[in-house]
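Q: The listed protein sequences derive, respectively, from chains S and D. Be aware that the first sequence starts at 0, since it is given in numbering that gives the first Met the number 0, and climbs by one per residue. Be aware that the second sequence starts at 0, since it is given in numbering that gives the first Met the number 0, and climbs by one per residue.
One or more hints might be untrue.
Repeated chains share a single entry, so a pair holds when one copy, or any two copies, can fit it.
[Stated by the list, open to error] Pairs of lysine-lysine residues, derived as DSSO-like cross-links and limited to a Cα-Cα distance of at most 27 angstroms, are as follows:
#1 K75 to K314
#2 K254 to K109
#3 K339 to K59
#4 K360 to K59
#5 K10 to K360
#6 K10 to K75
#7 K244 to K314
#8 K149 to K178
No wet-lab data here; the hints were simulated from the structure. The structure presented is a predicted model; accordingly, all values stated were derived computationally and were not measured.
Protein chains: 2
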Amino acid sequence: MPNLEYTEELKQKYANLTRTVNEEFINIHPIQRGGILTPEAYRALIAYADGYSLCDNCLKGRIDKIENPPVIDFLKDMASYLQIENVMPTAAARRAKQIAMKVISERYPKRRVVIVDSLAHYTTYLAVETNNLQVKEVPNSGYSEYKLEKENFEATINQVQNDEAELPLLVVLTHVDYKYGNFNDPSPIGEICEKYNIPFLLNAAYSGGIFPIDCEKGKVDFIACSGHKSMASSGPIGLLGFKDKYYNDVMVHSKIQGNLTNRTFSNKICTFMGCPPVYGAPLITLMASFPTVVKRTQKKYVKEESKKANYVIEKIQTIKNLKVLGKLPKIHPLTNVETKCFEEVSKSHPRRGFFLRDEFKERGILGMLPGISKEIKFNTFGLSWDQVKHFTNSFLEIAEKYNLL
Amino acid sequence: MPNLEYTEELKQKYANLTRTVNEEFINIHPIQRGGILTPEAYRALIAYADGYSLCDNCLKGRIDKIENPPVIDFLKDMASYLQIENVMPTAAARRAKQIAMKVISERYPKRRVVIVDSLAHYTTYLAVETNNLQVKEVPNSGYSEYKLEKENFEATINQVQNDEAELPLLVVLTHVDYKYGNFNDPSPIGEICEKYNIPFLLNAAYSGGIFPIDCEKGKVDFIACSGHKSMASSGPIGLLGFKDKYYNDVMVHSKIQGNLTNRTFSNKICTFMGCPPVYGAPLITLMASFPTVVKRTQKKYVKEESKKANYVIEKIQTIKNLKVLGKLPKIHPLTNVETKCFEEVSKSHPRRGFFLRDEFKERGILGMLPGISKEIKFNTFGLSWDQVKHFTNSFLEIAEKYNLL
């Protein structure tokens, strides 16, 4: 293998890692809107940029016990915000789901089936798979609303009980799904889970930080959140919220002992490999953005964000051969639009499916999937009304250019 | 549970998350020196601050396949730098160790014992524990050098073979340990592992990015590195390097399928839950600092860094009742000093053990463990010679103040 030498070429290769997306463009990429930093988070990020910065004043060898900056306080405040007894940071929401499934499957080793709604994120499936569990999907209503009905959750539970002669291990509800941005109220599902005594996990990766969430009211046992997706944080950071009932299952202290040194590490939590990997920028930006997150999830701001998405939808529905998928009116601003109209254009366009992204980019809008013209996923969260209107007008302009109005 | 409301008090609580350590002080904290960002990394951090920023141009649904910024190139360059066939980012070095142990234990399910040197970091033990494996320590020479001898690795391997009638699963060598900063050449241990046909993992959390590492020469099968500890990166980011022989063991593609939707995710790697959690700032800062890391691990710069630690040591050894622990002369600048002299002072000092940190802080030096006076751990890596001299003089001044010269 050739050895890598320090050269001017190597230096140049990594010298200009810039990102102009948010400076010069409106970024409507569905996974990017909720993670844009607040000014407070930017300041904290710059202050805590280096390596392990958050751990300067770690006195107890545990990130969740750091008092300066106020991590310990923050985790309590976050728990109170989500209305769940305990919150621990994790690498990401996916890791929170993986951990939840692991600890429940150790508590109930005979139960092997995880019930998930059929709009679940791929990482929900991977959390099932990496825990050597089985997945059972709850159907949705299909094209074009993809609605989930509580009756189908109950039917799937009964089916698993019949097939396995065991309760399902867990029910996972995707609070807002990645594909259609459908919002699902956890309460009806939480009630069913309570009735059958099955743990209930809410995947709030797209919702926690965008909507207010009340885990107590929703009868949620575990919640997975994503700081970089929806809480204005620098990635990667997730949260695992869990009820007291599962405290000892999650907070498993190390018991290993060195055979010669007799060293033990009983203060360290196995589940998080000591400390979850959020040592510097991720946790500090989540903390710095937290007051804004609390504020922006007040009802009046949430309503305003829904309005923006519904404004776009109302206007673009005048375009021929275009259909907005998912439940309407929108609650969460992540929107999926079937654009057969643009797909038709792409067939004879020299740039093929890329023409659509080109057209939007020319109008200062980024975040469209390159090469795809048959559907558009966008998210208006946090855009100003001027930006929303510019996006809408651009959409209509492009349609007009290709005679689709 | 009381609900959390947005209030002025909440806003103020998280309004001033600042960190003055590196601006106003010399930070000699052992875990902080190697992670201080390069100017290039700072610029990249600011550009890629938001959430999932690195994934703007993800076309293949895998972070390791992103071309813009050049992640795919970077991983190849890093592999060439470490002289190992494959490199994947991970949440941290601890996660790299945990993954390595998992995949090897799945390959050799009957082998249950991991041999570790007795100066291993606690996360090495936790990686063993969380994989339900057993630990067997290789003795060190004890006070005051804590040296590891290759003969003891071989003896421990033989012992495990005798006791278990199976080979050990893995041998882990801590390249540079967290406690004494002892540097251990991997080659002699790698040769023994090769002779017995046992996989060999090098924990390079404190060394990769500080020293040049040649895994091929060292016969290293797996290497764990830490970007936030030693590669001038914003945490959390680690690296798992692995030989081609283990490619399929590490890169396990998802096989799960939705029972209703038939959805599959065969592009996603189970081991990393799709993509490892390094989506934004961590990976981009590691990439931006990479040329500097390559440069600073050239022999002449490495020698200069060793010189700084040895300079401090030479001067402070004039202090009564003070002993530098670990192997001398220093190769890695992480240094542990037994300071019985200061411990004696603390007994009658009104600030008790805290006096020592106070004294250093008054002289603009931070990073001492609060309340501890019987030992000092410091790391001179990356300090200017002026700073090294100021640190040395401060050390001597404090000793003089308490009549210890």
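Q: Hints numbered earlier in the text: which of these fail when held up against the supplied structure?
A: Going through the list in order, the structure violates hints 1, 5 and 7 and respects the others.
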